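K.L.:
Dock chain R with the ligands against the given chain A, drawing on the hints supplied.
Just so you know, the protein sequences line up as chains A and R, in that order.
So in numbering that gives the first Met the number 0, spot 224 of the first sequence is number 223, and the numbers just go up one at a time.
So in numbering that gives the first Met the number 0, spot 15 of the second sequence is number 14, and the numbers just go up one at a time.
In case anyone wonders, no lab produced these hints; they're calculated from the structure.
There are no misleading hints in this set.
Cut-off 25 Å, straight-line C-alpha distance, at most; resulting in silico cross-link-like pairs (DSS-like, lysine-lysine): (1) 250(R) - 16(A); (2) 1(R) - 115(A); (3) 139(A) - 18(R).
Among chain A residues calculated to face chain R with C-beta under 7 Å, some are: (4) 56; (5) 92; (6) 101.
Since the model is a prediction, treat every value here as computed from it, not as a measurement.
We put the beta carbon where it would ideally sit given N, CA and C, even for glycine.
Here's the letter readout for the chains.
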Amino acid sequence: MAIIETKQLTKHYILGKKKIVVGLEKVDLEVEQGEIFGILGPNGSGKTTCLKLLLGILFPTSGEARIMGKFPDDIEMKQHVGFLPENPYYYDYLTGPELLQFYASLFSLDAGTTKKRIEQLLELVELKDAKRLTLRHYSKGMLERIGLAASLINDPEILILDEPTTGLDPIGCRDTRNLLLKLKQQGKTILLSSHFLSEVERVCDRIAIFHRGYLLATGTLDGLNRQYQAENLEDLFVKTICTFDNQASVKTGETT
Amino acid sequence: MKKMWLIGLNTFKESIRKKTLYIILIFALIVIGASKLFSFLTAEEELKMIKDVSFSAIEFFGALIAIFGALYAISGEIERRTIYTLVTKPIRRSDIVIGKFFGVSMIIFVNFILATIFFLGLLIFKKSPPDVEVLKTLLLIFFELILIGSITLALGTFTSDAFNIICSFFLYIVGHLTSYGKELIERAENIIVKGLADMLYTLVPNYENFNIRDKIVVGLNVSWGYVGYTILYGILYMCIALFIALYFFEKREI
Ligand SMILES: Nc1ncnc2c1ncn2[C@@H]1O[C@H](COP(=O)(O)OP(=O)(O)OP(=O)(O)O)[C@@H](O)[C@H]1O
Ligand SMILES: [Mg+2]
Numbered sequence: 000m001a002i003i004e005t006k007q008l009t010k011h012y013i014l015g016k017k018k019i020v021v022g023l024e025k026v027d028l029e030v031e032q033g034e035i036f037g038i039l040g041p042n043g044s045g046k047t048t049c050l051k052l053l054l055g056i057l058f059p060t061s062g063e064a065r066i067m068g069k070f071p072d073d074i075e076m077k078q079h080v081g082f083l084p085e086n087p088y089y090y091d092y093l094t095g096p097e098l099l100q101f102y103a104s105l106f107s108l109d110a111g112t113t114k115k116r117i118e119q120l121l122e123l124v125e126l127k128d129a130k131r132l133t134l135r136h137y138s139k140g141m142l143e144r145i146g147l148a149a150s151l152i153n154d155p156e157i158l159i160l161d162e163p164t165t166g167l168d169p170i171g172c173r174d175t176r177n178l179l180l181k182l183k184q185q186g187k188t189i190l191l192s193s194h195f196l197s198e199v200e201r202v203c204d205r206i207a208i209f210h211r212g213y214l215l216a217t218g219t220l221d222g223l224n225r226q227y228q229a230e231n232l233e234d235l236f237v238k239t240i241c242t243f244d245n246q247a248s249v250k251t252g253e254t255t
Numbered sequence: 000m001k002k003m004w005l006i007g008l009n010t011f012k013e014s015i016r017k018k019t020l021y022i023i024l025i026f027a028l029i030v031i032g033a034s035k036l037f038s039f040l041t042a043e044e045e046l047k048m049i050k051d052v053s054f055s056a057i058e059f060f061g062a063l064i065a066i067f068g069a070l071y072a073i074s075g076e077i078e079r080r081t082i083y084t085l086v087t088k089p090i091r092r093s094d095i096v097i098g099k100f101f102g103v104s105m106i107i108f109v110n111f112i113l114a115t116i117f118f119l120g121l122l123i124f125k126k127s128p129p130d131v132e133v134l135k136t137l138l139l140i141f142f143e144l145i146l147i148g149s150i151t152l153a154l155g156t157f158t159s160d161a162f163n164i165i166c167s168f169f170l171y172i173v174g175h176l177t178s179y180g181k182e183l184i185e186r187a188e189n190i191i192v193k194g195l196a197d198m199l200y201t202l203v204p205n206y207e208n209f210n211i212r213d214k215i216v217v218g219l220n221v222s223w224g225y226v227g228y229t230i231l232y233g234i235l236y237m238c239i240a241l242f243i244a245l246y247f248f249e250k251r252e253i
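So that you can see chain A by itself, here it is in the shape it has in the complex (with noise of 0.2 Å):
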């Protein structure tokens, strides 16, 4: 059985009387344990309500979201699971470890271990020589740094990552990378959302494409290549949403 898994999982924003935005439209996800599985989609596309439906900060119009078989509520469950949100805020008037300090809390880690991570953390993100700052005085890829450290500080078996590398330099790009490649090796799953197709060409095993709240192509790179006979992941991405809106346009059309 998959590890994540969304069945027919739909979100439609209510903004008003008449006026409904579709977030994701009957979506199909399934993603094995071990693997690192990219989402790729133009702005708007339905990426962070996807991954905000499977962590029960959204709440589904209809359809179903699991993790490890549990449903978003699920307590037990989210002690498995890291999370980086898109554009990530915290408590800015904490410093790194003190920020770290009180989501290990979260998880009931031990002293123990807490300070061995913390540490561990720090040194991998490179904000050793922060240790003083509060986050109010970080710089945007700081604030992205300290977030991927606090979405490991438990461990996770499940890591899910909105944009993980939206602001940081060339060198922590490749670094993330680096890491997110150690961390598959280690068993880790890991769930990510990405702008960068270089970046999820090099390090994804399987992608999915999003447009407009619908899943338009799930599978690996090379097999998603071959069937959309397209050259490189660009020509992909291209084909796959050109063909949506044009289809999209002639039923419109067929319509009016």
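P.N.:
Frame of chain A, contents of chain R with the ligands only:
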């Protein structure tokens, strides 16, 4: 249980690190301190003045601290999206709400105690150690502040930041005017207006119940029965506010 406590502690820590609440507390202390500047009064009048001004300052600035403290606690976390990092942790949403309530109560308590110590110190300095009536007044102010905080907390679970602050202040003001409201209601002629006003009167917590300082300052006594009854009244409304908060936060999409 431990996690609720951690949430509360973090909320309290935030209030210490942010300057806003400090500044309000300092204002309160300045006002209390300034009340003894009226040295042209007779000793007895001066004491009345100190009590009157100090009670009012502790109540008013305490209300500001309660409202802003509670505003940061839930509305602020939703607005700044730090709440994402809490709801995705292994902690129930209800525990977050109760933890926040602990935190806000702690903020209110500590600021209240600091202002109170300053005030009592002033009384002792004026060779008029506080009697039990002064303590009754302070006790009721404290419960009023907790109630104000829990209402802002509850509003935060289903309204936006800006709307919350407007509602909180509206309720604070109206809650102090309810006794005038009662008179107006009696005189109302239109049955619908009367009905609506009556409903508003019962729904809005009557903060004026907690106000016994006018009596205490002029030397009247208030029975423990009344104090106990009013505290129960406060706890009842606080529980209602907490239930509302628990109910809405459980379903809140963030
Ligand atoms: N809280 C909300 N209220 C109303 N509409 C929303 C809300 N959040 C998202 N949407 C809408 O849902 C759609 C999908 O948004 P989502 O944030 O999931 O996109 P995304 O794929 O993450 O985009 P990006 O690449 O820009 O991060 C968009 O049309 C967006 O306008
Ligand atoms: Mg997004």
